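**Q** Keeping their order, the protein sequence lines are chains A and B.
The numbering used here puts the first residue of the first sequence at 1, with every later residue one more than the last.
The numbering used here puts the first residue of the second sequence at 1, with every later residue one more than the last.
The set of hints was computed from the structure by calculation and includes no laboratory data.
Keep in mind that a hint or two might mislead.
Okay, the calculated bits of chain A under chain B, using three or more residues with CB under 8 Å as the criterion [unchecked claim]:
id : stretch
1  : 16-27
2  : 49-58
3  : 74-84
4  : 91-103
Keeping only pairs whose Cα atoms sit at most 25 Å apart, straight-line, the calculated DSS-like set for lysine-lysine is [unchecked claim]:
id : chain 1 : residue 1 : chain 2 : residue 2
5  : A       : 2         : B       : 69
6  : B       : 224       : B       : 333
7  : B       : 69        : A       : 78
8  : B       : 224       : A       : 78
9  : B       : 118       : B       : 301
10 : B       : 333       : B       : 233
11 : B       : 180       : B       : 51
12 : B       : 6         : B       : 233
13 : B       : 69        : B       : 224
14 : B       : 325       : A       : 78
15 : B       : 233       : A       : 29
16 : B       : 180       : A       : 62
17 : B       : 6         : A       : 93
18 : A       : 62        : A       : 29
19 : A       : 29        : A       : 2
20 : A       : 29        : B       : 325
Model, not experiment: these values are computed from the prediction.
Think of the CB as a built atom: it goes at the ideal place given N, C-alpha and C, for glycine as much as any other residue.
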Amino acid sequence: MKKEEVPHDPGSLGKVTREVCYATDEEGKYTTALSEGWDVKAGALDVAWEDIAARIAAAREKVRRGEASPLLFYMESKLMDIGVLAGYTGFWKWQVRRHLRPAVFAKLSDRRLRRYAGVFEVGVDELVHPNIHDKGI
Amino acid sequence: MTKAFKHIQAAHCENGVTVSLLNTVGVERITEPLAFGIGSGLFFTYIPLLKVNNGPAFAFRTMPGLIFKRTCRALDIRIRRRRFRDKSEAKQFLDRCLDAGHAVGCQVGVYYLPYFPKEYRFHFNAHNLIVFGRSGDRYLVSDPIMEEPTSLSEYELERVRFARGVLSPRGQLYYPEPGKPVSDEMIRTGIRHGIRRNIRDMLHIPGPVAGVSGIRYTARRIRKWRETLGPGKAGLYLAQLVRMQEEIGTGGGGFRYIYAAFLQEAHAWWPDDLLLTTSASFTRAGDLWRDAAVHAAGIYKGRLGAQSDFDRMGDYLLEIAGLEKDCFLALSKINWTV
């Protein structure tokens, strides 16, 4: 990449910082240039976020139909998977997997619910009755 | 302490941390490309069974932590490295380091890193930054990705140091210990070893998933993605490939440009013109990676989508694999006795 080819397409990172790129000058010697972003990458990031939005919507639908406990919705909203959620809550993965079942979730003790609520940064009430009818988040 | 520390912005976080930390022990001749090359940073792997953010797992560089480790070892510098079970112990140890005047590198997760833009905050745990001091109740932080130094509160720092999930940092911190001055000979040897190790990693790891054969393997898989995954998911997978290749911290072109820069700098230490010609070839490899990314963008943005477009994407990767293989074969012919 030549120095004048370093892209400057403002993206979400460009608001916070520019990033270092290695590029060649007129004599073919390497130097660094600051890039504000590149459309191609911004597009890739958009695709990733569209996928996340779709996953959250699917989770919301499942919770509403009673096929999964509200944990699924919060887990997807926080971009977590079962491993990450298990890590933050201190439960085992198999426990988290069980808690994703509505029947098991309904019987969870207050203490366990608080553990989940703390990780998701919501109150216990909100955890048990998520606002899934709202299109927000 | 604060005044002595110089913030350095780098393309890649671990290179940047390595350069800055070496600076703190008086080693100032190691630039980012040199650190990357001596640490044999260039790599490729595709692990089809492992999923990252619900997509395939690619890496364009070696395992996190290795660049720092190998570079320090080449320069005969000892590393102190610690992980913690207990959060308050982790904090106390950090405070003691800072009081003693050490800037320390920390492995952190980016999901809760407040100064990162929201769009970049995934559960990714192999980011590196340097804590170099305290000011009031805030820790002064030099993040190589950022143009300027920044700061984190005690809680924020603890949270990112104890991020959970794959590669969880467990409060890991590390710093080099001041040692003997670094001689020219050490750097020369480091460059030689770094290049030879990189040849081994790219050409001679058995199995289909690592190095040049990994690129070929990916090429073959991509051709099948449209069939096996459907156009939507195939686009998502390609977007993931591009993100791993071009996202912050790669210097563009999946680290190939940094490696090309390294070979140019290496020429000053080993005057063999093969280094310069190979550097130019790596620049071409970087350009090809970017062309492939543009093509992939056509697919995931929905402009392209036919099977022939996926075949074309595979062809790009095959061309890159061939080129990089030639590059490393050329490097293996260097006469190191001069």
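**Q** If a hint holds in the structure, say so; if it doesn't, say that too.
**A** Okay, the hints, checked on the actual structure:
1. 16-27: holds (count 9)
2. 49-58: holds (count 3)
3. 74-84: holds (count 5)
4. 91-103: violated (count 0)
5. A:2 - B:69: violated (31 Å)
6. B:224 - B:333: violated (36 Å)
7. B:69 - A:78: violated (33 Å)
8. B:224 - A:78: violated (32 Å)
9. B:118 - B:301: Since the Cα atoms of residue 118 (chain B) and residue 301 (chain B) sit roughly 22 Å apart, the hinted pair holds (cutoff 25 Å).
10. B:333 - B:233: It is violated: about 42 Å lies between the C-alpha atoms, which goes past 25 Å.
11. B:180 - B:51: With Cα atoms ~43 Å apart, residue 180 (chain B) and residue 51 (chain B) exceed 25 Å; violated.
12. B:6 - B:233: Outside the cut-off at roughly 44 Å; violated.
13. B:69 - B:224: violated (38 Å)
14. B:325 - A:78: violated (41 Å)
15. B:233 - A:29: violated (40 Å)
16. B:180 - A:62: Status violated; Cα separation ~62 Å.
17. B:6 - A:93: Given pair residue 6 (chain B), residue 93 (chain A) is violated - Cα atoms ~43 Å apart, limit 25 Å.
18. A:62 - A:29: violated (56 Å)
19. A:29 - A:2: This hinted pair holds, its Cα atoms lying about 10 Å apart.
20. A:29 - B:325: holds (23 Å)
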